[in-house]
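With chain A held as given, fit chain R onto it using these hints.
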Amino acid sequence: MTEYKSGYPDYMQESLQKVADSRSSRFGKEFTPMTAEQRQQILEKFHPDWKPQMKRILRIGPSKGMNIPHEVADIIEAHPMIKPEEIDLSKIDYDVDLLIIGGGGAGLSAGILANENGVAADQILLIQKLRLGDANSKMAQGGIQAADTINDNPAIHYLDVIGGGHYANKPDLVEALVKDAPNVIKWHESLGVMFDKNPDGTMQEIAGGGTSRNRMHSCKDYTGLELTRVVLDEFINKEIGYKEFTAAVDLIMDDKEQVSGAVLYDLENEEYHIARAKSTILSTGGFGRLHIQGYATTNHYGATGDGIVMAYRTGAVLRDLDSTQYHPTGAAYPEQIVGQLATEKLRGRGAQPVNKQGELFVYHLEPRDVESSSYIRECYERDNCLTTPTGMKAIWLDTPMIEKVNGPGTIEKEFAAMLRNFNRWGIDIRKEPMLVFPTLHYQNGGVEINANTETNVPGLFCAGEVCGGVHGKNRLMGNSQLDIYVFGRRAGKAAATHAKKASSGKLTLNHLKRYDRWLEEAGIITDRKSPIILPEYRGKRTLEHRLKIM
Amino acid sequence: MIENNNSMVNIFVMGKKHTVPADLTIMKAMEFAGHQFKRGSGCRGGFCGACATVYRKKGSYKLQGVLACQKQVEEGMIIAQIPFSPSEKKTYNVDKINANANTFLEYYPEIARCLACNTCTKACPQDIMVMDYVQAALRGNITLAAKLSFDCLGCGLCAMRCPAEIVPYNVGQLARRLESKYIEGPTEHVLKRCEEIKNRKFDDEIEALKKAEKEKLTKLYNSREIITK
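Chains A and R, in that order, give the protein sequences.
Following our numbering, the numbering of the first sequence begins with 1392 at its first residue and continues without gaps.
Following our numbering, the numbering of the second sequence begins with 2 at its first residue and continues without gaps.
Next comes chain A alone, as it looks inside the complex (with noise of 0.2 angstroms):
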């Protein structure tokens, strides 16, 4: 055994000394959490959604008025990729009874339950952007909830999302999301996803920020990757239609203003094709790649927010995109992991927040968006923090806690990814905390559904991360698993019922003209096109650090 050498820099070593040398005193030790009062408080003063700069008032369609990040207005305020006189809607390429669109877990078990619920697998087509199953949902990291134990129910999950939402979640949505928790598990488990047991056969389950009870289930800290995996491959066994490197650019409608397919673009050899279809399912995910005021992103690279760009285009409402959500705990040091994520489920199993002096300054399990303000006010105004070599404020999450409350062998046994992807890095976990600061995380709003997944226009769906409203102002960690999965299963469910009474009419694309009319009667002069579909990092934008934080 070689002895191990610090993964940080030399000027860290004083600070790390004390994170340390005060790990005794804190064993044990939790800071109190914060009233009511001083998460308001502490929100108002230093989380980005209240930085009013940062936003601007959307000037066109149905949700006109609302007060959203200037990176979201930017697409939304932009005219469609296509002209409609270029595209040929009387040649078909693809004649299907659900078009699903986007490949993570929610499109997946969309998939899976239509076909399970009547729509023969030749009759759905699911187009993805990039690989199957390559999306968010394959990163989380830490769980997914489901109150199923004794000390816990579904009211009590309830009151924890809407709390933590701020009281601004969709009462109905809500609803679903926590009655048919144990009902998703229970169907992974039916699949044969792997979740982490006790001895005694029952579910290994912790608490993470803002849930008053343990419940979120984990696989090691790859619980996104085993639930993709595994969905993936049951939803090839059905022999399901999709293809891959396929992106959706707008939707089309017909004369009956029912949304009935959409255009399709094929990213390998640029052409256009023309899906129609009974229904069709929007999956597409958030827009954590649109880099909210500048921060880093957990975000996988296809997380463009494509979907509420579509979706608002065929008169679809939108809510909840004033707040967005940034993970206390993204990676600060070094350079080449910044802004990925360390799961919440490190504080979890007991992993402890700490300034430059090695000093608890916060519950560790604050709901997200206060957790990042806290850590925020620790760099910004209490400058109680470390500084990177590229010049980035974070704080310590010590880590080490973790085996010192819960034994030796625990993190390699529960953290295999974070143990893994650290030490590419030289920096060891079990020995030594890691440096982070918040990263954007999630997109708290999008299009608004009911409980069967319907949005306001018929014929179209939405499930996960797209939609709005599940989550309030505020989603709470092991939340977004489940979602993907409740809303996936309904939509493919509801797509299906809709798709046997349903019948096209003739294809139109007037909807874009009429965004773009929208557009000249709003006064918005732009050359932007939207969904962007890729993100762009070519060149100099590689090293761009825009981070805009007081």
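The set of hints was computed from the structure by calculation and includes no laboratory data.
Short, incomplete list of chain R residues facing chain A, as computed with Cβ under 10 angstroms:
(1) Glu32
(2) Phe33
(3) Lys91
(4) Lys148
(5) Leu154
(6) Gly155
(7) His190
(8) Val191
(9) Asp204
(10) Ile227
(11) Ile228
(12) Thr229
All residues carry an ideal CB built from backbone N, CA and C; glycine is no exception.
Chain R only, in chain A's frame:
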């Protein structure tokens, strides 16, 4: 911006030379050099396996397998991405298969050709004992195959290197589903809760919460008991 005084290195992307900042990952270095990924970029955080990459360094015979998002560039790297591995995932009805060695041999008979050369294990960017789990599957030790293969991202590098033309990641996937479904089986307290929900045990309580005014909900939320020890 990264400091301007950072050093630069020369890399060769499929043979073409680029001079890039030394502290970038292979993925970011390729973007710096002007590539916009369609294939070969996914989660960018070591969780999806979309960016399987091989490289040799000048002066070394060794062919290294890595994830482009998880490896820093080094001087003289000659890089090729392998964003796709051709393989046929066999389809099956998960409710009608058996948890034994014959299932592996039925769907993936080529595993019997394993030479035990360990090339797959050496190729794995996750440091998984690939050969050991293939061998475990061959012996019908599903639990071991599932456990050893658990951290697999399906990047495909093992399959590209295997001289016996085995596709290990498909074998691992089958092992894990068998392990969960047939060896561990369903969890009692989950099934029980599903029954209770079906019997509408919590409906009244949830209905009351749905109807509650914000003021009442706030009170309930702020005074709720927290049992997380």
